[in-house]
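Chains A and B, in that order, are what the protein sequence lines are. If you use the working numbering, the first sequence corresponds to residues 1 to 114, in order. If you use the working numbering, the second sequence corresponds to residues 115 to 229, in order.
You may find that some hints are simply not true.
What the hints assert, rightly or not - Result set (SDA-like, lysine to any residue): computed pairs, CA atoms no more than 25 Å apart in a straight line:
(1) A:Lys41 <-> B:Ser166
(2) A:Lys38 <-> B:Tyr139
(3) A:Lys36 <-> B:Glu180
(4) A:Lys36 <-> B:Ser184
(5) A:Lys53 <-> A:Glu84
(6) B:Lys163 <-> A:Arg30
(7) A:Lys9 <-> B:Ser198
Don't read these hints as lab results, they were simulated from the structure.
So the chains spell out like this:
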Amino acid sequence: DTEVTQTPKHLVMGMTNKKSLKCEQHMGHRAMYWYKQKAKKPPELMFVYSYEKLSINESVPSRFSPECPNSSLLNLHLHALQPEDSALYLCASSQDPRSPRGYTFGSGTRLTVV
Amino acid sequence: AQSVTQLDSQVPVFEEAPVELRCNYSSSVSVYLFWYVQYPNQGLQLLLKYLSGSTLVKGINGFEAEFNKSQTSFHLRKPSVHISDTAEYFCAVSDSGGGADGLTFGKGTHLIIQP
Chain A
1 DTEVTQTPKH LVMGMTNKKS LKCEQHMGHR AMYWYKQKAK KPPELMFVYS
51 YEKLSINESV PSRFSPECPN SSLLNLHLHA LQPEDSALYL CASSQDPRSP
101 RGYTFGSGTR LTVV
Chain B
115 AQSVTQLDSQ VPVFEEAPVE LRCNYSSSVS VYLFWYVQYP NQGLQLLLKY
165 LSGSTLVKGI NGFEAEFNKS QTSFHLRKPS VHISDTAEYF CAVSDSGGGA
215 DGLTFGKGTH LIIQP
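Taking the hints into account, I'd like the entire structure generated from these sequences.
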């Protein structure tokens, strides 16, 4: 298995909803990442998990809450989002966080906040 | 922190013509360099990467890139493009100094293939 799987592919949520994005990989990668991509912009790093521990938080608002239950799973919990949070959310993984030599991306979750 | 500059936001090319997409990075002791392609409404697909060794890197779909340390460049080339190459192309850099710092992306170049 050489893929990063993200679910759901599309999500529409209201500003008072609570939802979660899921990411899964079975390549034995020990670093996992969340990126946010607005339309016609490059991906921007949000969070990095290294060996299941949060190692980087790029000053992301607390309405985004990451969770790494085990080495294969990465969640992003969403609560009280704003319309400007609508974007493509990409998950990625890399083999060894001490020497990141390659990143595999999922196909993303397209989030719309109404 | 590393940075990446993609000088062209949009490149129109006729089908079967050659193309070069430019990428420059901020200088560092050592870096890992990547090119990704993103088709509409999809995630990112790795085209090729430079980690060390030969400066000419061959990737998928007939793309190649050349690492030029003196010019801090990593331009992407294809000798003959196809209509299916229409997509957004991102150059990215990772600091090889260790630590899971993720990738830093350039702003992207939209490759438009004209029939």
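Going down the list of hints, with the structure as the test:
no.: 1; hint: A:Lys41 <-> B:Ser166; verdict: 29 Å, violated
no.: 2; hint: A:Lys38 <-> B:Tyr139; verdict: 22 Å, holds
no.: 3; hint: A:Lys36 <-> B:Glu180; verdict: 29 Å, violated
no.: 4; hint: A:Lys36 <-> B:Ser184; verdict: 33 Å, violated
no.: 5; hint: A:Lys53 <-> A:Glu84; verdict: 28 Å, violated
no.: 6; hint: B:Lys163 <-> A:Arg30; verdict: 20 Å, holds
no.: 7; hint: A:Lys9 <-> B:Ser198; verdict: 23 Å, holds
Against the hints set out earlier in the document, violations occur for numbers 1, 3, 4, 5.
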